[in-house]
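S.K.: Sequence lines, in order, name chains A and B.
Numbering that gives the first Met the number 0 numbers the first residue of the first sequence as 0 and each following residue consecutively.
Numbering that gives the first Met the number 0 numbers the first residue of the second sequence as 0 and each following residue consecutively.
Hints are supplied without guarantee of correctness; some may be wrong.
In this list, chains with the same sequence are indistinguishable; a pair is considered to hold if it fits within one copy or across any two.
[What the hints assert, rightly or not] Derived lysine to any residue pairs resembling SDA-like cross-links, with alpha carbons at most 20 Å apart:
#, residue 1, residue 2
1, Lys362, Ile301
2, Lys92, Leu215
3, Lys328, Phe16
4, Lys172, Gln89
5, Lys119, Ser51
6, Lys264, Leu363
7, Lys326, His259
8, Lys78, Pro115
9, Lys227, Lys312
10, Lys312, Arg261
11, Lys355, Glu256
12, Lys172, Glu35
13, Lys92, Val344
14, Lys309, Asp145
15, Lys204, Ile253
16, Lys312, Ser213
It should be emphasised that the hints constitute simulated quantities derived from the structure, not laboratory data.
2 protein chains.
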Amino acid sequence: MKQNLLLTPGPSPIPPFIREALGRQIIHHRTDEFKEVLGRVSQSLKEIFFTSSPVLILASSGTGAMEAAVSSFFSSQDKVIVIEGGKFGQRWKEIATRYGLDVVNYSIDWGSAPDPNYLKQLLESESKVKGILTTLCETSTGTVYDIESIGNLTRNREVILIVDAISGLGQDKLLTDEWGVDVVVAGSQKGLMLPPGLSFISISKKAEEFLRRSNLPKYYFDLNLALKSYQKNDTPFTPAVSLILGLEASLNFIREEGIHNRWEKFSKLARATQEAVKAMGLNLFSFRPSNSVTAVWAPSSIKSSQLVSKLRKEYGISIAGGQGEFKDKIFRIAHMGAIDEDDLVVGFYFLEKVLKDLGYSLKLGSSIVKLEEVLYA
Amino acid sequence: MKQNLLLTPGPSPIPPFIREALGRQIIHHRTDEFKEVLGRVSQSLKEIFFTSSPVLILASSGTGAMEAAVSSFFSSQDKVIVIEGGKFGQRWKEIATRYGLDVVNYSIDWGSAPDPNYLKQLLESESKVKGILTTLCETSTGTVYDIESIGNLTRNREVILIVDAISGLGQDKLLTDEWGVDVVVAGSQKGLMLPPGLSFISISKKAEEFLRRSNLPKYYFDLNLALKSYQKNDTPFTPAVSLILGLEASLNFIREEGIHNRWEKFSKLARATQEAVKAMGLNLFSFRPSNSVTAVWAPSSIKSSQLVSKLRKEYGISIAGGQGEFKDKIFRIAHMGAIDEDDLVVGFYFLEKVLKDLGYSLKLGSSIVKLEEVLYA
């Protein structure tokens, strides 16, 4: 029987206890029963986001919350710095451009992380910057950015720091309040082990002031409306009830395991993945690899898209190819959400087979030995 | 044991075979397997919408698709006629105003339906109207509008007709192409028997031209992007996979029962509900009652909000109160999606009890007798 293993950077596998919650009979969203769920879930989200500020829940995929951040916190022609080092930095740029913001593009090589010193200079040389839009884990390159250092730049300026943590949240360390991050955007189908369809957005006190001043058109993603409802454990529009019931199950599980413990676990899984890849003679793509997803250069003789497709078709193991100009050049293995060491062992086992079938020369078992070595330590 | 019966106009109960699909393990959305699901579902949606045009699926609640219609088909200061006869007509007005459209408001008494002759005059006296935004079933009043007649007005004009069928679809007859409706908006948690979190929007050829000309800012709800992906059985942003798996189960079921049969069934359930209400000495609120939801004047001595709350708390039967200025004056009983005659019998059984407990004088069983009389016929 073929596997059905998702080592993709979203969606990630859904554990049985969450699937049970997703399949429950619906409850009405304008009832005390559901308000209590929302209240509990809001509290747990604050813990995971490491913030005392509200974390709003939207019925959309992650991009919806990115758009909400752009249209709710800024006004026409506001100047923002976008860090573009992959597909999701590009997405910030696209959205900001659509809304007529004045985008200062800080473009970096894919696979590298932004330089806080350069950002500091940029903030000092550009007048009236209102926001920095960036990413915790740039999913397209498997690169984690140094958000803590960027937060030090914005904390005492009239600039809000907005971080897309869609793929990073839960694996890559993020201390929202302590690091001075004003807005964190996340999605349901990655570290939170849910199906896609929910997005999340936290709002610092500083960001709340920006929210009140914003003049861009919006309705469904108007965070003013969402924040007002939030105070009453309510939502302005019908929430995605079944996903929120699943969310409660997910957050309870994460709390029980402990977020710090999970960060440590994923750091170890990431390290094991990196070493296993190298043991097969392959090279990492990222210069600052994240704990959520590992990007790897495919052997030069093999198109990564072919590798990905063969692995899925023949063995039911899903990994991701590259995006943009690296579409056929890199592949990406995710370790997020419910993924654990046994999944990596299975994934690498079949990855070795497929690489060999495609003519790549390797010693069978070399990656597994290395995985075990790192994970046993 | 308390019931858990939703006779609310969204959400409506989810049948077990759909809950099974919702709780399945996730599949990746960029695979042939999921593209095939999207292909099949798109075909079934066309059948339910009675259109040969594309029906796009968005990951949002219904309001998201309403916003997509406003921001994707119009340009700044375009003139639109909004029919405001309840909360959801108001919502069209709010969204259109947010995007700077020039709104011609056709306000009608709540509970009544728009007059096509008046609309015709309005179209003739107002220059350069680009669209009419209206509702199939105005959920807040339980009123079905004469969309066929309105379609006759727009068909040969450079005006697109946009219909919010969020609560009506599946119960109230709607022949999109035949009636000349350009855009139909729907949601998942009503006639489609799913949890909230998906919305739908159909786009006629005429509307496609408006789409290309639109200059309003948008990204997540940019139907240009969605339409382009649609041609390849894909979506521009991560779709709500689990809900779409549930959708396939729902659409298969509806196809098997037959849409015309379902329209007939709900017409009968609506008629039975109306007669049952009258048999208790109560009056209908709507002058043109829909087949999806029945709005009823509460007895003058009883606040409808109290009735609704008592019915839910003591017996687990959910009906809806009024909205806006009718909050405490009317209550609404939905008959949509998976609701069938046995649910109405149970609902009315407890409704009678609660009305009596609240001091309303009625002959016990009078509504049930009438239900059976109409439904047996």
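S.K.: Pop the pair Lys312 and Arg261 into one bin, within, between, both or neither, using alpha-carbon distances up to 20 Å.
M.R.: neither (31 Å within a copy, 40 Å between copies)
S.K.: Give the relationship of Lys312 and Ser213 under a CA distance limit of 20 Å: within one copy only, between copies only, both, or neither.
M.R.: neither (48 Å within a copy, 42 Å between copies)
S.K.: What label fits Lys92 with Val344 when the C-alpha limit is 20 Å: within, between, both, or neither?
M.R.: neither (38 Å within a copy, 56 Å between copies)
S.K.: Is it within a copy, between copies, both, or neither that the alpha carbon of Lys119 lies no farther than 20 Å from that of Ser51?
M.R.: neither (27 Å within a copy, 55 Å between copies)
S.K.: 20 Å Cα cut-off: does Lys328 pair with Phe16 within a copy, between copies, both or neither?
M.R.: neither (37 Å within a copy, 42 Å between copies)
S.K.: Can you tell me if Lys264 and Leu363 fall within 20 Å by alpha carbon in one copy, between copies, both or neither?
M.R.: Neither. Shortest intra-copy (26 Å) and inter-copy (63 Å) distances fail the 20 Å Cα cut-off.
S.K.: Checking an output row: Lys172 and Glu35, CA cutoff 20 Å. Within, between, both or neither?
M.R.: Neither. Shortest intra-copy (29 Å) and inter-copy (38 Å) distances fail the 20 Å Cα cut-off.
S.K.: Is it within a copy, between copies, both, or neither that the alpha carbon of Lys204 lies no farther than 20 Å from that of Ile253?
M.R.: Neither: 27 Å inside a chain and 48 Å across chains, both beyond 20 Å.
S.K.: Can you give me the call for Lys309 and Asp145, within, between, both or neither, at a CA distance of at most 20 Å?
M.R.: neither (35 Å within a copy, 54 Å between copies)
S.K.: Measure nothing new, just compare the shortest in-copy and cross-copy C-alpha distances for Lys355 and Glu256 to 20 Å and report within, between, both or neither.
M.R.: Neither: 38 Å inside a copy, 51 Å across copies.
S.K.: Within, between, both or neither: how does the pair Lys227, Lys312 come out at a Cα-Cα threshold of 20 Å?
M.R.: neither (48 Å within a copy, 27 Å between copies)
S.K.: Could you figure out if Lys78 and Pro115 sit no more than 20 Å apart (CA to CA) within one copy, between two copies, both or neither?
M.R.: Classified as within: same-chain Cα gap 19 Å, cross-chain 48 Å, threshold 20 Å.
Comparing the model with each numbered hint stated earlier shows that hints 3, 4, 5, 6, 7, 9, 10, 11, 12, 13, 14, 15, 16 do not hold.
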